[in-house]
Amino acid sequence: MRPTKRTSETWTVGRELPSLSKALTQDKIDAYARASGDFNPIHIDPAFAAATPFGGTIAHGMLLLAYLSEMLTDAFGRAWLAGGRLKVRFKGVARPGDTLTVRGRVERVQDDGRRLFAAVECLNQAGEVLVVGDAEVRLDG
Amino acid sequence: MDIAALEKGHRFPPVPFVLDEAAVQRYLEAVEDTALPALCRDEGQAWTPPMALAALALRGLMEAMGLPAGAVHTSQEFEFRRPVAVGERLASRAWLAHRSQRSGWLALAVEMEATDEVGQAVLAGRAGVLIPQ
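Quick note, the sequences are listed as chains X and P, same order. If you're matching positions, the first sequence starts at 1 in my numbering and goes up one per residue. If you're matching positions, the second sequence starts at 142 in my numbering and goes up one per residue.
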């Protein structure tokens, strides 16, 4: 594997992954619907969504995972694409107008630093955890 | 398809899919991903975003399942086995791994994989879904 800048770095327990923030809008949710082909009205139809228990449109869960994946790609490069694992639970919903932050932290390192486990999450501007889970990468991919 | 009537072990028909250059560009713009283009420039390769693969594999699955409005995506697992080049032809396959009822909800877990043209898995995953009853 040709190491990218970050995969050549040393990852130690407790180290933070490079976080990122996204301002969520209905336009972005609509763009994701077109890109993914997921036109569930809960995401794109304000009138339909207003009549649901959510009271309005919500972002696709997979859009939030795309943000997590961007962070993991930035952190680990090709190793994320070749052997990366992600296991998450959706605990809350993201709405238009939210500012989302994805972040992560190395929790365990094994095999002389070649296998790495990180806790990851996506939060809104109120600090509410919307997605929480674990990621694993093998840096010798 | 009556999703509520499906038994554990039910296999959904395979769904072929491909992410071409235009689809990848549309996806990257939608999710505002700058990390993957940087990696591709670094490696001189046009890779598909792993979560775009996952989203397309899931889309085919969800369409096959005919999930009703009100279904809630509760959990997700993915393993990305290898980088996938833009334009590779893939197929997603899925089966019902778990089925239970609780408090007016039908809880399903669906396991899935996406394979390449020689049948090698490039992506595996498991989705948890709650359906109101």
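Since the hints were derived computationally from the structure, they do not count as laboratory data. All C-beta atoms in this analysis are idealised placements derived from N, C-alpha and C, irrespective of residue type, glycine included. Check each hint, because a few of them may be wrong.
[To be verified] In silico negatives: residues of chain P with every beta carbon more than 12 Å from chain X:
| hint | residue |
| --- | --- |
| 1 | Leu-147 |
| 2 | Pro-154 |
| 3 | Gln-186 |
| 4 | Thr-215 |
| 5 | Arg-223 |
| 6 | Gly-228 |
| 7 | Ala-232 |
| 8 | Gln-274 |
[Unchecked claim] Under the rule of at most 20 Å between Cα atoms (straight-line distance), these lysine to aspartate or glutamate pairs were calculated in the EDC-like manner:
| hint | chain 1 | residue 1 | chain 2 | residue 2 |
| --- | --- | --- | --- | --- |
| 9 | X | Lys-91 | X | Glu-128 |
| 10 | X | Lys-28 | P | Glu-254 |
| 11 | X | Lys-87 | P | Glu-170 |
[Claimed, not checked] Partial chain X-side listing against chain P, Cβ under 7 Å, derived:
| hint | residue |
| --- | --- |
| 12 | Asp-38 |
| 13 | Phe-39 |
| 14 | Gly-84 |
| 15 | Lys-87 |
| 16 | Gly-97 |
| 17 | Leu-100 |
Hint check:
no.	hint	verdict
1	Leu-147	20 Å, holds
2	Pro-154	17 Å, holds
3	Gln-186	9 Å, violated
4	Thr-215	6 Å, violated
5	Arg-223	5 Å, violated
6	Gly-228	16 Å, holds
7	Ala-232	16 Å, holds
8	Gln-274	15 Å, holds
9	X/Lys-91 - X/Glu-128	9 Å, holds
10	X/Lys-28 - P/Glu-254	28 Å, violated
11	X/Lys-87 - P/Glu-170	25 Å, violated
12	Asp-38	6 Å, holds
13	Phe-39	10 Å, violated
14	Gly-84	5 Å, holds
15	Lys-87	4 Å, holds
16	Gly-97	16 Å, violated
17	Leu-100	11 Å, violated
Comparing the model with each earlier hint shows violations of hints 3, 4, 5, 10, 11, 13, 16, 17; every other hint is respected.
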